[in-house]
Amino acid sequence: MQEFLNQFFDVGFMVDHFDEVIEGFWLTIQVSVVSGVLALIWGLILASMRQLPGKPLAPIRFLTIAYIDVFRGVPLLLLILLIAGGVPALEFLPESVRIPQWFGRPDTFWYGVTAITITYGAYMAEVYRAGIEAVPPGQTEAARSLGMNHRQAMNNVVLPQAVRKIIAPLLNDFIALTKDTTLVSVIALNEAVLVGSDIQSETFNSSALTLGAIMFLAITLPLARLVDKLISREQSRFTRGAPRVEAL
Amino acid sequence: MEASTTTGPMLRLENIHKRFGKLEVLRGIDLEVAPGEVVCVLGPSGSGKSTLLRCVNLLEPPEQGEIFVEGKDICKGPGSAAGEAGWELDFVRQRVGIVFQQFNLFPHKTAMENVTMAPEKVLGKATAEARAKATQLLERVGLADKLGEYPERLSGGQQQRVAIARALAMDPQVMLFDEVTSALDPELVKEVLDVMRELAEEGMTMIVVTHELGFAREVGDRVVFMDEGTIVEQGRPADVLDNPREERTKRFLGLVLDR
Chain H
1 MQEFLNQFFD
11 VGFMVDHFDE
21 VIEGFWLTIQ
31 VSVVSGVLAL
41 IWGLILASMR
51 QLPGKPLAPI
61 RFLTIAYIDV
71 FRGVPLLLLI
81 LLIAGGVPAL
91 EFLPESVRIP
101 QWFGRPDTFW
111 YGVTAITITY
121 GAYMAEVYRA
131 GIEAVPPGQT
141 EAARSLGMNH
151 RQAMNNVVLP
161 QAVRKIIAPL
171 LNDFIALTKD
181 TTLVSVIALN
191 EAVLVGSDIQ
201 SETFNSSALT
211 LGAIMFLAIT
221 LPLARLVDKL
231 ISREQSRFTR
241 GAPRVEAL
Chain V
1 MEASTTTGPM
11 LRLENIHKRF
21 GKLEVLRGID
31 LEVAPGEVVC
41 VLGPSGSGKS
51 TLLRCVNLLE
61 PPEQGEIFVE
71 GKDICKGPGS
81 AAGEAGWELD
91 FVRQRVGIVF
101 QQFNLFPHKT
111 AMENVTMAPE
121 KVLGKATAEA
131 RAKATQLLER
141 VGLADKLGEY
151 PERLSGGQQQ
161 RVAIARALAM
171 DPQVMLFDEV
181 TSALDPELVK
191 EVLDVMRELA
201 EEGMTMIVVT
211 HELGFAREVG
221 DRVVFMDEGT
231 IVEQGRPADV
241 LDNPREERTK
251 RFLGLVLDR
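As you go down the protein sequences, you meet chains H and V in turn.
Counted from 1, the first sequence has number 72 at position 72 by the numbering used here; the numbering is strictly sequential.
Counted from 1, the second sequence has number 222 at position 222 by the numbering used here; the numbering is strictly sequential.
Here chain H stands alone, though its shape is the one from the complex (with noise of 0.2 Å):
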């Protein structure tokens, strides 16, 4: 039991290494919120593309839907061995774009940043439009029934009713998101488990991944128990005779 908890707890061993973990981990937030800030914004872009009307934009949809549907089924740690090893060779790309030093971060930063927005853009793209989808037709109608253009009524009336349904679905994502950042360790930068994990080769000890992992829980915990609490709230909107809950 004493080996065990040595191995995967050991506090004092934790308190020592606690700098450098907290600085991996630090990195791990930069990545998370900036790609997480990127697909939010992609995936509205890539969903809106989805739901434009009329034939001749119909190639824009076809596109698209590709683009979602090849994303979703490509592994993310694929995509970002991809972008890393690939792009710095792309001689005819100016310097900047192929090995990127953008705000003071390191090229494996930007890979990272730029495989997740690529995915979870495609992952976000879908819950945005099963919101969207789940706006009543006849709201739609009424916007374009008042002179609305298609745009007008996305931006009045669908989207913020469609947000307000997938703002939970949505952190789910973003919870998701969060843990895919460790992936970016195998372009070796050097976020909360490359940290962790170099420190267990040279010491066998396991504690610093551990702490990793709590680190990981101060966060995606207190969000899930969030999305827990928004769902049930939105629930209680539809729910005969409980009381109104002030609208977001």
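No wet-lab data here; the hints were simulated from the structure.
Among the hints, erroneous ones may be present.
Here are the simulated distance ranges between beta carbons [to be verified]:
{"no.": "1", "chain 1": "V", "residue 1": "255", "chain 2": "H", "residue 2": "73", "range": "55 to 63 Å"}
{"no.": "2", "chain 1": "H", "residue 1": "63", "chain 2": "V", "residue 2": "14", "range": "39 to 47 Å"}
{"no.": "3", "chain 1": "H", "residue 1": "136", "chain 2": "V", "residue 2": "76", "range": "28 to 36 Å"}
{"no.": "4", "chain 1": "V", "residue 1": "148", "chain 2": "H", "residue 2": "233", "range": "15 to 23 Å"}
{"no.": "5", "chain 1": "V", "residue 1": "64", "chain 2": "H", "residue 2": "45", "range": "37 to 45 Å"}
{"no.": "6", "chain 1": "H", "residue 1": "73", "chain 2": "V", "residue 2": "30", "range": "48 to 56 Å"}
{"no.": "7", "chain 1": "H", "residue 1": "233", "chain 2": "V", "residue 2": "183", "range": "26 to 34 Å"}
{"no.": "8", "chain 1": "V", "residue 1": "183", "chain 2": "H", "residue 2": "229", "range": "32 to 40 Å"}
{"no.": "9", "chain 1": "H", "residue 1": "136", "chain 2": "V", "residue 2": "185", "range": "16 to 24 Å"}
All C-beta atoms in this analysis are idealised placements derived from N, C-alpha and C, irrespective of residue type, glycine included.
Using the hints, position chain V against chain H.
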């Protein structure tokens, strides 16, 4: 009103055809509506009444036929490759308002915001101006004390009256009513019909799809009876309702009155 300056019909439909897949819902409808006229459309469910209304403002563009609003052809070459390019969407939607059976109020907006949204976003009116007009319209439909309420806090009758005010906010020349009282509890029907009656008295051109025979008789200038996608019979309400010529009309009225 601009309407009275127009000579000729406010609205003219010529040989309208509409199909959904294999089902031909409208089979050649001709209809003229004069300025200020109130036309009530009756008929069994599935007869194409609602589709006809939705064709008029191009929510369901017809495959064949022409629609003229104030003499302007609003769907040149329907079904042609021109598609939406040939439709005068802006023109028709700023002249023709519609009220739906299911109200379709925007649930995330207050009564006031429901009414001001289109004038602000589509016509570019200033907020103060739009709100002043919305206040006036909501007072007119008897909801002066409900300006800040969200739709879910309003009764069906109140919601439908907000929907009428919302359509009127665009200053339409023609109002379409698509079974607007069918989803309401019986005791709420009258308050909505009263608003429509006032509107008719003020000279609004209206097409009213309804099962309310009393309303058709009292308020309608003309009753149109539809069945299976065609107009079976039309005329003054008293003539059509009391002395129908066609067998199908008689049968339908018999069934409705028997209730």
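Hint check results:
1. 255/V - 73/H: 55 to 63 Å: At roughly 56 Å between Cβ atoms, residue 73/H and residue 255/V fall inside 55 to 63 Å, so the hint holds.
2. 63/H - 14/V: 39 to 47 Å: For residue 63/H and residue 14/V the Cβ distance comes to about 40 Å; the hint holds.
3. 136/H - 76/V: 28 to 36 Å: Between residue 136/H and residue 76/V, where Cβ atoms are some 31 Å apart, the hint holds.
4. 148/V - 233/H: 15 to 23 Å: Distance hint for residue 148/V, residue 233/H holds at roughly 22 Å.
5. 64/V - 45/H: 37 to 45 Å: 38 Å Cβ-Cβ, so the 37 to 45 Å window holds.
6. 73/H - 30/V: 48 to 56 Å: 54 Å, holds
7. 233/H - 183/V: 26 to 34 Å: About 27 Å separates the Cβ atoms of residue 233/H and residue 183/V, which means 26 to 34 Å holds.
8. 183/V - 229/H: 32 to 40 Å: Given range 32 to 40 Å: holds, Cβ gap about 33 Å.
9. 136/H - 185/V: 16 to 24 Å: 21 Å, holds
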